[in-house]
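Residue numbers (this note's numbering), protein chains in the order written: chain A, 1 to 369; chain B, 1 to 246.
One or more hints might be untrue.
Here are some chain A residues the structure puts well away from chain B; computed CB gaps all over 12 Å [claimed, not checked]:
| no. | residue |
| --- | --- |
| 1 | G130 |
| 2 | S134 |
| 3 | P226 |
| 4 | T232 |
| 5 | T241 |
| 6 | G278 |
| 7 | A293 |
| 8 | D296 |
| 9 | A317 |
| 10 | V347 |
| 11 | K352 |
| 12 | N366 |
Estimated spans, in silico, between C-beta atoms of each pair [unchecked claim]:
| no. | chain 1 | residue 1 | chain 2 | residue 2 | range |
| --- | --- | --- | --- | --- | --- |
| 13 | A | N259 | B | T10 | 36 to 42 Å |
| 14 | B | I91 | A | Q230 | 17 to 23 Å |
| 15 | A | D357 | B | L87 | 39 to 45 Å |
Where chain A lies over chain B, by a calculated footprint (3+ residues, C-beta under 8 Å) [unchecked claim]:
| no. | segment |
| --- | --- |
| 16 | 19 to 29 |
| 17 | 75 to 82 |
| 18 | 171 to 185 |
Calculated from the structure, these hints are not laboratory results. Keep in mind that this is a model prediction, so the values were computed, not measured. Where a beta carbon is used, it is the ideal one built from N, C-alpha and C, also for glycine.
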Amino acid sequence: MFSKRAAAIAAILAGSLALAACGSSSNPLASGSSGSGSTASGSSSSGASTSGSATSGSGASSSGSSSSSSASSSASSGSASSPSASGSASGSAAGSSSAPAGGPIVIGSANFLEAELLAQVYAAALKAKGVDVSTHLDIGSREVYLKAMQEGSINLLPEYTGGLLAYYDKDSKATSPEDVYNALTKVLPDSLTVLDRSPATDQDSITVTKATADKYHLSSIGDLAPVADQMTLGGSSEFQTRPYGPQGLKDVYGVVFKNFKVLGDSGGPLTVKALKTGLVQATDIFTTNPAIAENDFVVLKDTKNMFQAQNVVPLIAKSVATPTVTDALNAVSAKLTTEALTQMQKVVQDTKADPADVAAKWVSDNGLG
Amino acid sequence: MIGDIWAWLTTASHWDGQDGIWARTWEHLQYTLLAVVIALVIAIPIGALIGHTGKGTALVAGLANALRALPSLGLLVIFALWSLDHLPIGIALQSASIAVLVLLAVPPILTSTYAGVAAVDPATRDAAAGMGMTGRQVLLRVELPIALPLVFSGIRSGYLQSVATATIAAIVSLGGLGRYVIDGLAQQDYPKMAAGALLVALLAIVGDRVLAMIGYLLVSAGLTGRRTLARRPAPAPSEVVMPATT
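Extracted from the complex, chain B is given alone in its bound form:
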């Protein structure tokens, strides 16, 4: 079996063309990234606001957890049937699939953002307010940067969720690596199916590492304990706790 999968993966013709691995991987990545970006736009402001104000925590936590429990496949079929009737035919199925992925990517990002913001040390928050920062400034310049590591772990799990689930877009005739899994199963071409699953796992690992790297670079050095020896300026009194963004 392992040999069959290897043979399938190393066949040159499986890599090129419209049904090739490169094209399918690119499609898969497109669905995933689009969904994650949309989820970010939705989840981070809401999560930050809830974490900052402390209002609606129970509601959103409950809602987010309920979203996680949604059966994505059934949801996809319902969305697909609806969108074929109501959206332009060219984008109907894509929209349905992306919507499902967004619904799955929002909960981890949302919960981790609000948890991260809510968990900021009250003393730090008080200090920022004491310096004369407005609520908005406290959130944007103090709370969010401090919450960033947690936010990133949310983004990473949102990405993993999307990358794994983007597989089912193949059910509604779209591309992506799911094509190999779904077609392989239906055509009893199990090496193809297993290779597809393997490629999805690989994409998950690679994407996760890339996101971890971005997170590592974005999180304030003051939080990670990461210090660059070359650049360690003595803090001027005027810029006290302003987190650096490099």
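Here chain A stands alone, though its shape is the one from the complex:
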């Protein structure tokens, strides 16, 4: 009798272990399948986003080296855990010989496709101006790469204004692009600075289908107020508790949805399908998600700046910010748009092209190279 009971307890323990394993493994897959560099979730998560950004958008972390192991995009693709850092580290060093004092500028990036693309854009633009650069991409979450920046092993990184601000100042209430950028310049460590912000943003949005937008004449979030009580809102678990979640919609816009459905893949295939099939009528989706254009979704305008701005901005060590470098990067920021960023991601996802090639093409197409 005793042994029988012991066996039962062992079975239960095994069961709960399996559960724990399932709980933790869920995250990479959920966002991995998103395949769309779902950054902002990680980046805006109040700094301490170890799990958030570490896993976000690993879907297409194909890294510098060509073709090879990219597990990118499309539904259900496995966890796509990133290819070896060594492969990417040496990605595109090579190149010109006119190095500034102290060797090449090391460009880093977070571990999702969009960040990697941006880093490659910076690399291509700088190389075109004869600056010696090397890339060390796919580093990981913000905690990790910012530490590397402060230690000087990384000199330049693509960042997002809101996420970076939240990392250094958790309590900042700034949301508009100007406010966030200005606040950011005040909180950065002495050794680092940000150059001009680009108009390109990767941030949360309330998005609806074209049909819904036409039916209710929606163009901004505020337009939802009279009709939201007939609609279900979708979004991630994080979104549900963020200040810009359902509570924020109510406080800022007076928009109250009938109910909220948690869609666990941060704008991935499930979210897209849920919106298309009408499981939800509106959902939180990141503005650089290629699915928006593909499905003719309508991103409702955030006229009151409820969502914290997440403009793409180069974060650079002051020691390497020579006028040549600064001018080259500012020129990139001036040209870079949300659409361009989305388009580059789409190309990489659809054709499995090397992000470095896609980035270089964009740079030369825009007269920056």
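Fit chain B to the supplied structure of chain A, relying on the hints for placement.
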């Protein structure tokens, strides 16, 4: 941490309402039980037939073991995407989740049923046949009752499997205790997450004990050696080995 989990569990507001522990536990139990019942309907007839005839053993054992190895999370996402396109929107995600749970609950029930039936002493089987029982009668009245303890251990492990895995239904926006685990992880609300895991474990233990009790009551007294002193009739010659079902 323990204190935080305790505090989370003992907050009254966490127990009531649509997102409350009672509601979530009930949802969790619904997914689990529905899946187990469907799995029973599928697995027991097939398992009994295979055990009885001895045909297809290798095939089914292989298949059942392959099913066990399926990554439930990936399967769920695939099912969910498919069912959103092909099933009515109201039941699409539920169906996908239940289907995954069924796939996980079938193998243990199936294998234990066929193993239980196949392991019946050939002498007993011969005796039943010698009494003039048909194949069907042998299976239903002799083999299955004798296999019952093993069948029940299969049901219990199928239940444990389902109860633990029902957690992932939360990934595709459904309820259940998985909501706490998935949301807690995403919102970095670790007491909530741990409390959710704890509740799942608790549900597993309680359910397992209940199933064990049912099994104990259903299995023939002749097998368990359990005897009630009050009722011990001398076997009349006519009803020889007929297993009692109380």
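Here is how each hint holds up against the structure:
Every C-beta of chain B lies more than 12 Å from that of G130 (chain A), the closest at about 45 Å, which supports listing it as non-interface. Once the 12 Å rule is applied to beta carbons, S134 (chain A) is consistent with being away from chain B; the minimum gap is 35 Å. Every Cβ of chain B is farther than 12 Å from the Cβ of P226 (chain A); the closest lies at roughly 24 Å, confirming the non-interface assignment. Against the 12 Å criterion, T232 (chain A) falls within the reach of chain B, whose nearest CB is about 10 Å from its own CB.
For T241 (chain A), the requirement that its beta carbon stay farther than 12 Å from each beta carbon of chain B is not met, with the minimum near 5 Å. Its closest Cβ contact with chain B, about 6 Å, brings G278 (chain A) to no more than 12 Å, contrary to its assignment away from the interface. For A293 (chain A), the non-interface assignment is confirmed: its Cβ lies about 20 Å from the closest Cβ of chain B, beyond the 12 Å cut-off. Here D296 (chain A) stays apart from chain B, with its beta-carbon at least about 18 Å from theirs, past the 12 Å limit.
Taking the minimum C-beta to C-beta distance to chain B, about 30 Å, the non-interface status of A317 (chain A) holds against the 12 Å cut. Once the 12 Å rule is applied to beta carbons, V347 (chain A) is consistent with being away from chain B; the minimum gap is 23 Å. With a least beta-carbon separation of about 21 Å from chain B, K352 (chain A) lies farther than 12 Å from that chain, consistent with its non-interface assignment. Remark: the non-interface label on N366 (chain A) is consistent with the geometry, its nearest Cβ contact in chain B lying 36 Å away (cut-off 12 Å).
Taken as a hint, the range 36 to 42 Å is violated for the pair N259 (chain A) and T10 (chain B), whose Cβ atoms sit roughly 27 Å apart. Between I91 (chain B) and Q230 (chain A) the CB atoms are about 21 Å apart, so this pair conforms to the stated range of 17 to 23 Å. Here the CB-CB span from D357 (chain A) to L87 (chain B) is close to 41 Å, well matched to the stated 39 to 45 Å. Evaluation of the coverage hint for the segment 19 to 29 of chain B: breached, as 0 residues show C-beta separations to chain A shorter than 8 Å, against a requirement of three.
Counting residues of the segment 75 to 82 of chain B whose CB lies closer than 8 Å to any CB of chain A gives 4, so the stated coverage by that chain holds, three being the minimum. Look at the segment 171 to 185 of chain B against chain A: 8 of its residues bring a Cβ nearer than 8 Å to a Cβ of that chain, three or more, so the hint holds.
Hint violations for this structure: numbers 4, 5, 6, 13, 16, all remaining hints satisfied.
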